[in-house]
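Keeping their order, the protein sequence lines are chains A and B.
Each residue of the first sequence is one higher than the one before, starting from 0 at the first, in numbering that gives the first Met the number 0.
Each residue of the second sequence is one higher than the one before, starting from 0 at the first, in numbering that gives the first Met the number 0.
Keep in mind that a hint or two might mislead.
With a cut-off of at most 20 Å between alpha-carbon atoms, the simulated SDA-like pairs for lysine to any residue come out as follows [unchecked claim]:
| id | chain 1 | residue 1 | chain 2 | residue 2 |
| --- | --- | --- | --- | --- |
| 1 | B | Lys-28 | A | Gln-84 |
| 2 | A | Lys-82 | B | Met-33 |
| 3 | A | Lys-26 | B | Ile-72 |
| 4 | A | Lys-90 | B | Met-33 |
| 5 | A | Lys-164 | B | Ser-93 |
| 6 | A | Lys-26 | B | Ile-85 |
| 7 | B | Lys-28 | A | Leu-20 |
| 8 | A | Lys-132 | B | Gly-58 |
| 9 | B | Lys-28 | A | Ile-92 |
| 10 | B | Lys-28 | B | Glu-97 |
| 11 | B | Lys-28 | A | Ile-97 |
| 12 | A | Lys-82 | B | Lys-101 |
| 13 | A | Lys-85 | B | Glu-98 |
| 14 | A | Lys-90 | B | Asn-86 |
| 15 | A | Lys-26 | B | Asp-95 |
| 16 | B | Lys-101 | A | Asn-166 |
| 17 | B | Lys-28 | A | Met-83 |
| 18 | A | Lys-132 | A | Val-142 |
| 19 | B | Lys-28 | B | Ile-72 |
| 20 | A | Lys-82 | B | Glu-2 |
| 21 | B | Lys-28 | A | Asn-166 |
| 22 | A | Lys-26 | B | Gly-58 |
| 23 | A | Lys-26 | A | Ile-70 |
| 24 | A | Lys-132 | B | Ile-72 |
| 25 | A | Lys-85 | B | Leu-25 |
| 26 | A | Lys-26 | B | Lys-101 |
Far from chain A by the CB rule (all over 10 Å, computed), these chain B residues [what the hints assert, rightly or not]:
| id | residue |
| --- | --- |
| 27 | Glu-38 |
| 28 | Glu-98 |
| 29 | Val-99 |
| 30 | Lys-101 |
Per the computed footprint, the stretches of chain A lying under chain B, defined by three or more beta-carbons under 8 Å from a beta-carbon of chain B, are [claimed, not checked]:
| id | segment |
| --- | --- |
| 31 | 4 to 16 |
| 32 | 63 to 73 |
| 33 | 127 to 141 |
It should be emphasised that the hints constitute simulated quantities derived from the structure, not laboratory data.
Glycine residues also receive a C-beta, built at the ideal position from the N, C-alpha and C atoms.
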Amino acid sequence: METSAILFYTIATIMIVFSLLAVTASKILRAAVFLLFALGGTAGIYFMVDYFFLAAVQLIVYAGGIVVLIIFSILLTSHIEEKMQKPDIWKIILTSIIGFAGATMSIHVITNHVFTPHADTGVVASMDVIGEKLMNYGDSGYVLPFEVISILLLAAMVGAIVVAKRNKPGSND
Amino acid sequence: MIEQVPLNHALIVTTMMFFIGVYGFLTRKNLITMLISIELMLNAVNLNFVFFDKYLYPGTLEGHFFSLFIIAIAAAEAAVAIAIFINLYRNIRSIDVEEVDKMKY
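Could you put together the complete structure from these sequences and hints?
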């Protein structure tokens with residue numbers, strides 16, 4: 000077995016184990032830390048397929064931004080040592096059945112379909128290629144979603160500040 | 000990695016990750032842990048886009064940019080969601096889904 004295959008299966012195992020732990024951990028802060036490991040494994044896979052920019056964005060935005068935000072909100076809203084109550088057993092069984100059914104159906108389709116991978120390795124996703132595509136308004140350019148995303152981020156930022164702002168004492172709003 | 004790992008195996012990994020997220024979303028009662036499950040699902044979808052791009056359509060980088068935009072949207076979504084959680088906690092001292100019915104009436 001090639002080294003990169005071994006690396007891929009190792010990272011995949013780590014990702015699945017930590018995802019499982021993230022949805023079953025009884026302490027909420029631990030769930031957030033397990034999520035961090037699952038997202039880090041994803042960044043590792045992006046590195047393996049040579050998408051370095053995407054891997055860096057994954058590490059910065061997910062691991063550096065979203066997980067830190069989640070941890071902050073956990074510290075603001077619950078005790079660290081507080082244990083969450085377990086969901087009742089029927090709910091676990093029913094949801095596991097739903098999850099297994101969906102997963103087996105998808106995996107059945109995936110394993111029975113014959114994919115024919117493209118022969119050439121394609122373009123290298125270097126920084127200048129990415130920058131040109133993001134600012135290109137011709138064919139296969141992404142300037143419109145880029146601008147829409149920037150407006151969305153601005154709106155989300157303003158909205159988050161307005162929603163989370165503490166009202167002044169005495170005002171009814 | 001493309002030569003050594005078949006696309007089927009890569010897609011099985013993302014499928015399992017996605018349905019683990021679904022399981023977490025349906026069983027958890029704390030809003031923050033539900034948000035964690037949503038992030039897991041979004042992450043699995045991102046990986047799927049990247050695998051399809053890299054294996055089947057190299058040269059266009061379409062899946063790469065889809066993943067990039069999904070990450071940006073996930074960040075915006077997490078920020079707004081956590082603002083709502085903090086406001087909820089301030090008002091009803093709980094972020095349990097079963098107690099959140101303030102907007103119902």
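Each hint tested on the structure:
1. B:Lys-28 <-> A:Gln-84: Within the cut-off at roughly 9 Å; holds.
2. A:Lys-82 <-> B:Met-33: holds, 16 Å
3. A:Lys-26 <-> B:Ile-72: Cα-Cα ~27 Å, so violated.
4. A:Lys-90 <-> B:Met-33: Cα-Cα ~15 Å, so holds.
5. A:Lys-164 <-> B:Ser-93: Since the Cα atoms of A:Lys-164 and B:Ser-93 sit roughly 18 Å apart, the hinted pair holds (cutoff 20 Å).
6. A:Lys-26 <-> B:Ile-85: holds, 19 Å
7. B:Lys-28 <-> A:Leu-20: holds, 16 Å
8. A:Lys-132 <-> B:Gly-58: holds, 12 Å
9. B:Lys-28 <-> A:Ile-92: holds, 16 Å
10. B:Lys-28 <-> B:Glu-97: holds, 7 Å
11. B:Lys-28 <-> A:Ile-97: holds, 18 Å
12. A:Lys-82 <-> B:Lys-101: violated, 25 Å
13. A:Lys-85 <-> B:Glu-98: holds, 17 Å
14. A:Lys-90 <-> B:Asn-86: Not OK: A:Lys-90 and B:Asn-86 at ~29 Å, beyond 20 Å, violated.
15. A:Lys-26 <-> B:Asp-95: Judged against 20 Å, a Cα distance of about 15 Å means the pair holds.
16. B:Lys-101 <-> A:Asn-166: Answer holds: B:Lys-101 to A:Asn-166 is near 18 Å, not above 20 Å.
17. B:Lys-28 <-> A:Met-83: The given pair, whose Cα atoms are some 9 Å apart, holds under the 20 Å limit.
18. A:Lys-132 <-> A:Val-142: holds, 8 Å
19. B:Lys-28 <-> B:Ile-72: Violated, at roughly 24 Å.
20. A:Lys-82 <-> B:Glu-2: violated, 45 Å
21. B:Lys-28 <-> A:Asn-166: Status violated; Cα separation ~28 Å.
22. A:Lys-26 <-> B:Gly-58: violated, 44 Å
23. A:Lys-26 <-> A:Ile-70: It holds: about 12 Å lies between the C-alpha atoms, which stays within 20 Å.
24. A:Lys-132 <-> B:Ile-72: Roughly 19 Å separates the two Cα atoms, so the pair holds.
25. A:Lys-85 <-> B:Leu-25: With a Cα-Cα distance of about 13 Å, the restraint between A:Lys-85 and B:Leu-25 holds, given a limit of 20 Å.
26. A:Lys-26 <-> B:Lys-101: Violated, at roughly 26 Å.
27. Glu-38: Violated, because the least Cβ-Cβ distance between B:Glu-38 and chain A comes to about 6 Å, which does not exceed 10 Å.
28. Glu-98: holds, 13 Å
29. Val-99: The assertion about B:Val-99 holds, with a minimum of 12 Å to chain A.
30. Lys-101: B:Lys-101 is indeed farther than 10 Å from all Cβ atoms of chain A, at 13 Å.
31. 4 to 16: holds (count 7)
32. 63 to 73: Since three or more residues must qualify, the claim that chain B covers the segment 63 to 73 of chain A holds, with 7 doing so at under 8 Å.
33. 127 to 141: Per the Cβ count (6), the hint holds.
Hints 3, 12, 14, 19, 20, 21, 22, 26 and 27 from the list above are not met by this structure, while the remaining hints are.
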